[in-house]
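Chains as they are written, first to last, in my numbering: chain A, 23 to 289; chain B, 23 to 289; chain C, 23 to 289; chain D, 23 to 289.
Since the hints were made in silico from the structure, they are not lab data. None of these values were measured; they are calculated from a predicted model. Some hints could be false.
So these bits of chain C aren't anywhere near chain B, every CB distance computed over 10 Å [to be verified]:
1) Arg28
2) Ala62
3) Arg92
4) Gln139
5) Asn150
6) Met275
Which chain D residues stay away from chain A? Per the calculated CB distances, all over 10 Å, these [claimed, not checked]:
7) Arg28
8) Arg37
9) Asp83
10) Tyr106
11) Met114
12) Thr124
13) Pro265
14) His286
Some chain C residues judged to face chain A by a derived CB distance under 8 Å, without partners named [said to hold, decoys possible]:
15) Gly72
16) Gly235
17) Tyr258
The C-beta atom is built at its ideal place from N, Cα and C for all residues, glycine as well.
Spelled out from the first residue to the last, the chains are:
There are 4 protein chains.
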Amino acid sequence: MTDTIRVAVIGAGGRMGREVVKMVLQDENMTLAAAVSPSAGPIDAGTMVGVKPCGVTVAADLETALSDARADVLVDFTVPQAAYGNTKTAIMHGVRPVIGTTGFTPEQIEELDKLCQEREIGGLIAPNFSIGAILMMQFAAQASKYFPHLEIIEYHGDQKLDAPSGTSIKTAELIAGVRQELRQGNPKEEETIEGARGGYYNGFRIHSVRLPGVFAQQEVIFGGFGQTLKIRHDSYERAGYMPGVAVAVKKVMTYTGLIYGFEHIMD
Amino acid sequence: MTDTIRVAVIGAGGRMGREVVKMVLQDENMTLAAAVSPSAGPIDAGTMVGVKPCGVTVAADLETALSDARADVLVDFTVPQAAYGNTKTAIMHGVRPVIGTTGFTPEQIEELDKLCQEREIGGLIAPNFSIGAILMMQFAAQASKYFPHLEIIEYHGDQKLDAPSGTSIKTAELIAGVRQELRQGNPKEEETIEGARGGYYNGFRIHSVRLPGVFAQQEVIFGGFGQTLKIRHDSYERAGYMPGVAVAVKKVMTYTGLIYGFEHIMD
Amino acid sequence: MTDTIRVAVIGAGGRMGREVVKMVLQDENMTLAAAVSPSAGPIDAGTMVGVKPCGVTVAADLETALSDARADVLVDFTVPQAAYGNTKTAIMHGVRPVIGTTGFTPEQIEELDKLCQEREIGGLIAPNFSIGAILMMQFAAQASKYFPHLEIIEYHGDQKLDAPSGTSIKTAELIAGVRQELRQGNPKEEETIEGARGGYYNGFRIHSVRLPGVFAQQEVIFGGFGQTLKIRHDSYERAGYMPGVAVAVKKVMTYTGLIYGFEHIMD
Amino acid sequence: MTDTIRVAVIGAGGRMGREVVKMVLQDENMTLAAAVSPSAGPIDAGTMVGVKPCGVTVAADLETALSDARADVLVDFTVPQAAYGNTKTAIMHGVRPVIGTTGFTPEQIEELDKLCQEREIGGLIAPNFSIGAILMMQFAAQASKYFPHLEIIEYHGDQKLDAPSGTSIKTAELIAGVRQELRQGNPKEEETIEGARGGYYNGFRIHSVRLPGVFAQQEVIFGGFGQTLKIRHDSYERAGYMPGVAVAVKKVMTYTGLIYGFEHIMD
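Could you build all of it, start to finish, from the sequences and the hints given here?
Written out as structure tokens, the structure is:
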């Protein structure tokens, strides 16, 4: 089938990687070209992710996998340490990288962009593939121009290690870039329990709630005279990112150069 | 003080009109030029709205009030039947209308625009002066391009006569203008209690909640694979519209012609 | 291991049944005694639900399965038509029924209770095993004594066939049993879009929202002078019922007779 | 009119006091017996609160006011420093105290109860007269027995000085009294912005949001396997406490002794 996009998945045994494999196997416009997982062993990729066998055996090594897979796109949801090398390897093989990992330096991004340009292929690095989360961030930034008084509340599972979440910090940065500078609250305000007012960022506050049963939710609340405006995104499961990944895989076939941020390929 | 904007208020004894009078008296860039209320009697306008006397006696008739008030702007939150006439009278006196009433026909708007152009003054008709409500509507329309599955829930006081609210219908119209057409829900869906699924509009549903203690709230909920996005505006009191009215009074001094919709004068 | 509770599961191949099988296999105080599914074929029950083989082959018939399984408890999340017969069969074998199906008549419940009493075993029929949903219903009923103005909004996936949901009707019944009778809203209220005000029940309204990405959520909103009170339960996945089922399986070992409603075995 | 309850109000010129005066004047079962405000001057109490004159001149001193007012009940929403003395004075005159101030010591409460008993009159001290807030606290405490994982988020106006709010601390205390002890969250959790995780109380967290436009709101969120339960109270204005005060004024006529906490006189 020459018309489908041939997709290689690295980190295929990880939590996100498994969802990507499933998504590729179910999308009629894609074919699984290769699945790489150093620790999974030579198992059928379909069997590994709990669907029916698909005829692709999981490979231990990206280099080998790419050499005869004729992949169009590589999807990588591994870890920051590995992603830079994987991306470079992919580009060298003429395979378009779609990377869901953070931690690239500006220099690395520039270099990878140059490599993509030379090879005349597209590429995408995106810390967030959730269309809903991206809209939430965009709307929050827009609203902060009119409502400079705001707070962010984010909710995640109780085993999460870091607070506040990466998405909430990204949101705060976007807001800080357009909001009129303002230190909110009463200057004489006092905490009788330390930390009650949340984390301070550029004049406003971020609150991190951690509870079992919650996957990933965030609300940005704006307060003005006699009114509040709320923008809230609730993410219920990892699979919720897959529609965004599918869009990226298809889109990356249509342009040249490396794009950073999923928002730039949403129409 | 020649630099302040001289504002006349018609319907000054009504619920919104009283708030406008208070706002004008408190804004250092405005002066109350006249207050009109057919039924209030010759009382001081400040006294009438519960603040200190301001030296302006409430007039019974707009024509008379405008003839010697040297007003720059007329603010009108009366009723649809009266607003067209009031607007015309204001323009004839060279007074810029800021109208918070709905019910104008396209022909009336066109005529009033022409009159403003001739007089070289600005004018504004806006069904909604709430910046938060306008952002909610704009964000909802934007989101519906990516999330065509949505429902609107609006909340008002339990004595409200009409359902759904004007704001929810306006929101629905804006969404219908950009959303990919789609009849939501299960085609075989059945109501065991009639009306449970809400009011049908262009493939989606509007729900009207009526409860004491609520002033005006609206939420637009978008559902997608593994996620929901919510945009919510809560309005707690009539006074919440005043910042928008103040913006309008100042802005209307700066352009020529009649503008329909507050969103067009937000930067 | 003589101390674990031996659990048989009927409807083991269904969506809820699979979760029950997984839960039993993971709970160290339970042993899977039998799994019944007419259509699954003679497959290992663990394999069928996507975990490792457990040595119990799925049986096609309850009677056969119970005859040599030495089960203590039967868990049934099948359909109303089958549940009565299954329950009776279980009791006849001295196996305590834990039934998550609705549709029993009062006469059937009385008869099954008598049979449990004769056999000196416990039994439970519960339309809802979600502790959170039950608390929501109890709190809503309590609050309605003080706040007789209320509306119910329930949210489910967009493929659900019936509206309003069973849980919302159950909630409405509980409220109607204790709330001072009151027809809410303005008597002259008019719908410009039919159904906007929701489904009418005993003077209040029920609204059913249907969106993809939503599993099961419900909010009961109470409005009073200057305030609102909200009680909301969000259920994110089928597995959320399992802690309640586990409680029931353990509890049913400790009493005699048939109990209707999970709330009666919560302490 | 011998059947109405004669109510004296101290602090009648304060924000809560004014609402109480208005409420008394509007309730057909109450008569305003006296209004006390040291700083208001000899103005008619009705005029002072913006309604029509009522024939009661504001007094500067409680002692004088009570000596010829034949009051049945004294309502006091002043400050902790004054409330103890006022309460004692009231009881000495045989006037039932209804006190909305906190800060009494256990010894003071005991003493005042003894005085009420001797005089054979009732009395009430209540930090919160909001029925909705009290229900929220009671439900939260009940839910915490089943869902020990919880967080509290409270919202107030941005000029509030203390965080967290008195109501949230009261809620936390009630929960701590019945919840199974548990330190929530990941033990290795780290804050990259200090305070993001909120204020620590007995193993759970309290978050204080401060925004203009908000009066007083609180949400208690419980998280469990696959579900969350939320209990939320939104208070929109000071007047929202008045139904509770009215209940208290009527109830205090029916018993003997001093009761602490409005929840004990709700049926």
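Which numbered hints does this structure break?
none
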